[in-house]
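Novice: So the chains spell out like this:
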Amino acid sequence: MTTNTAAATNVSPKARNAMANLGYWWDKVGIFAVLILLCAFMAVMAPSFLSIDNGLNVARSVSINAILAAGMTMIIITAGIDLSVGSILAVSGVAGVLLFVSGTPSILAVLGGILVGAFAGFINGAFVAWLALPAFIVTLGSMTYLRGIAYSLLEGQPLIASDLGYRGIGNGAVAGIPTPVVVMVVVYVVFWFILERTTFGRHVYAVGGNIEAARLAGINVKRVLAWVYTIAGAAAGLAGIIFSARVLSAQPTAGESYELDAIAAVVLGGTSLMGGRGRILGTLVGALIIGVLSNGLVLMNVPFFYQLIVKGLVIVLAVAIDSLRRLSKSGT
Amino acid sequence: MSEVATQAPLLEVRGVSKRFGATQALNDVSFDLRPGEVHALMGENGAGKSTLMKIISGNYAPDTGSIHMLGEQVVMASPRDAMTAGVGIIHQELNTFPEMTVAENLAVGNEPNRAGVLNRRQMLVDARDKLDHVGATGINPKTPIGRLSVGMQQMVEIARAMAEDVKVLVLDEPTAALSTSESNQLFELIREMRERGMGLIYISHRMEEVWHLADRVTVFRDGNLVGTRDMRATGPDAVRPNDIVKMMVGRDVDDLYGHERHELGDVRLEVEELTDGADIGPVSFSVRGGEIVSMVGLIGAGRTEVGRLLYGADRAASGTVKLDGEVLRVRGPKEAIAKGIGMLPESRKDQALFLEMSVRDNTAMSTLSDYSSGGVLKFRKMRSKVAAIFDSLAVKTASQATESRSLSGGNQQKLVLGRLMLERPSLMILDEPTRGVDIGAKSEIYRIIKEIAQAGTAVLVISSDLPEALGISDRLLVMREGRLVAELDASSATEEGVMEHATGVYADDTTRNDA
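So the sequences go chain by chain: A and B. Going by the UniProt record's numbering, the first residue of the first sequence is number 1, and it counts up by one from there. Going by the UniProt record's numbering, the first residue of the second sequence is number 1, and it counts up by one from there.
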C-alpha cells in the first residue's frame, strides 16, 4: 500500500533530478549559452551572418532597445513596470530636434531631450512612490498622454531636420564602432555600476525584494522608487535622442510598442517580474537574442509574419525554462 | 471519562515514518485520537507535527506505517480521500476567497447546480445550515467574506470543514491571528464539538491554551514522539507546565536561558504616556542600560504595536520617548536607526529578510552608508564587518554571497540580529526573537541577547513564549488590551502569575480543562 501511494503522490525522483540538473545548468551558463547557440545556428543557416559588418549591424539595431531595457530592468527589479518608455522616447526625440531647430547648441539640445525623458520618468515615479498607484496603470496613462504630447508638439506632422547637429550620435562611429553601440555599452557599464557597486543599487534590490522589510531597515523607499523611474526616463530620453539622430527628424510615432521588446529583453535576461531578482548584463544578452533572431531570420529570408511567431515562442520558452529552474530550486 | 478511554480510537496512526532527503521528518510515530477528546500536539518548529498532520490529511504519503479510522485501515492518497474518511483540517493561514460571499466560499468545489447552472437559493440555504451547525448564527451568508473579522472567517472555514460529516478535525495554530475574545469563542466551539463526540487534534505553541483545552498532550521533538501525557490526571501523575516544556526542549529549561544576573546601568529609555490614539496605550515604562525587559501578554494585547510606535514603524499620536535623557521625535524607521533605536520585526520573512539577496547584503542593509563613500560601496570594509558579526553570532553559511533564502530559520534570524548589532543601537527592540527557530539556535540567540545587554544596551523583548520571557529577562511588563497592567521581577514571577495578569482572570489553577 505504501509503494502505491508514494507513486501516486510524488513526482518521480528521476524527473525531479532532471529538473534540478536543468536548473543547475541554467544557473551556470543560462541565457548566454542560448545566445551562443542561436548565433551558431544562424551562422550555419545564413553564411553572411558571421561577418564583422553584420555583427555591427546587429549591435546597432539592438542599441535603442537595449538602452530602453536597461532602465526597464531597474524598474522591474523594484517589482514595477514602465509601459511608457516608447512614448518617452518619442517626446524626448521631438524635444531634442525642436530645441536644435530653434537654435539651441547641439550639446544642450541633447541634454534637453534627456532631461525631458528624466522628467517624464519622474512624474511616473512620483505617482508610483508617493501615491502608491500601481505602476502598470500609471505608465499605461503616461504612455498615452506622452504620445499625445509628442503629436501636439509637432501638430501631428514629422519634422525633418537633415542638418541635425547631433546626427553623429545616430549615424557616426567611434574607431569603426557605430556610436549608438558605444553609447549602449557606456549605459550598461553605468547601470551595472549603479546596481552592483552603490548603496542605491542595494536599495533598489531591497525595495523590490521586500518593500516592508526595506522600510523597516531604514531605507527611504519612496525616494528610491522615484529615482528609479527618473533614471529609466533619462535612459529612454537618451534612446529618443539616438532615434531622432538616426532618422534625422522628429517623429511623433517613434518608439511605438518598443516597451514590449524592452520588457521581453529584461525577462529573457532572467529578471523576475516579481521584483528583487535580476541582472543587468542578462538584459543585454536578452536584447541581443532578440536582435540576432530578427537579423538571422531576415538573412534566411523568413517572411515577417513567421518571424513574429518565432520571436514570440522563443520568449515564452526562455521564461518557461527560468520558471522550471525556480521550481526545482524550491524543492519539495 | 473512563469509558471514553476504553472506546476504540477514532483515528490511529501506527509506526509512521517520513523522510525528506537527508531529513528524517517523522520517525516511527504512533499516535491515537479518541472520540470526544481534544488531543494537543506540541513541539518546536520542525519537530514533526505538521508533517504528521499532512499525512493524516492526505497531503503526504508516509514512507512506512499505516493510518486507521475506527479500527479500519485507510489510505489517504489525497486530501479528497481524507475528507471522505471524515478528517477535516483548518490550516494556520486562512484559505478563503475574500471577494466571494460567505455562501460562495462555503460551496466552493461543491456548488449546488443543475447542468452547471448555479442554484443560488440552495447555496444560501446550505450556507445557513452549515453556519448554524457551528453556532455562527450571526454571520450573513451574503456578506463578502473579506469584510468579516479574521475570527469570523475562521468560523466559516470551520463550518466548511464540518460540512462533510467530519469525525476528526485538525486545527493548526488556530488562534495565531485571533483576538482574545475571538479565541474564547473558538474555545467554546471546540468544547461543543468535543461534547458531540468528535476528535480534535489541536496544534499550538501556546501553553496556556493547551493547558485549558486539552485532554491529552503529545510532544514531538526532531521527528520523534517524545511522549503523551494525560492532562486530566490528578495526584502524583498531575502534569505541570514545566513537564511539557521539558519534553519539548529535551533538557532542563534552566540551562537553556543561562542564569547569571548582571549589573544594571542608568535608565536609558523612558516612555511616558505613549499612545497611538486608538487601542494602544497610553503606556509608560523605562528600561535601563544592560537590562532585558520582556513585554508579555496574549496575542492582540498590543505588545508589537508598542514596539512599532517606539521604532516609528507606526505613528504615535502622543506621548514622549526619551533615550539617554534626550527627547526623541521619530517619524520613521530611518530616523529611529539614526537616533539609536533598532528593531527586529515580528515576522522575519515578511518584515526583515530580502530572500533573494545575499546574506552579506541582508546583514549590512541598514548600515550601507558605513561602508561607502559618495554612495559607492567599499566591499572590503563591508566584507570584514559582516565577517566579524558572523563570527560572533556563529552564523552558518557557505559564503557571504549565499542567498539568504537557503539558510535555516535560526541562521536567518541571526542575519537580522547581526543587522541590528551593526546599527549599534542604544535601545534594541526584539519582537519574537526566537519564533520559528530550532532549539539549538534558540539558546544561541539567548546568549547573543545577553551579550548585547551586557555591553550596556537597553533591550526590550516582546515574546509570546512565557518560559523564554521568564528565563532571559530581568523584568517583565504584562500587557492586556493595549494597556500595561503589571510590572514583575522576572526572578520571582511565575507563569501562572503572569497569565493571571495577562488574562485578567485572577483565579486559582483548578479551573483548567473544561469550565
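Incorrect hints may have been included.
[Stated by the list, open to error] Computed from the model, here is a short list of chain A residues facing chain B with C-beta under 10 Å:
| hint | residue |
| --- | --- |
| 1 | 40 |
| 2 | 43 |
| 3 | 47 |
| 4 | 49 |
| 5 | 203 |
| 6 | 219 |
In case anyone wonders, no lab produced these hints; they're calculated from the structure. The C-beta atom is built at its ideal place from N, Cα and C for all residues, glycine as well.
Novice: Look at each hint and say if it fits the structure.
Specialist: Tested hints:
no. : hint : verdict
1   : 40   : 32 Å, violated
2   : 43   : 36 Å, violated
3   : 47   : 43 Å, violated
4   : 49   : 37 Å, violated
5   : 203  : 8 Å, holds
6   : 219  : 7 Å, holds
Going through the hint list in order, the structure does not satisfy hints 1, 2, 3, 4.
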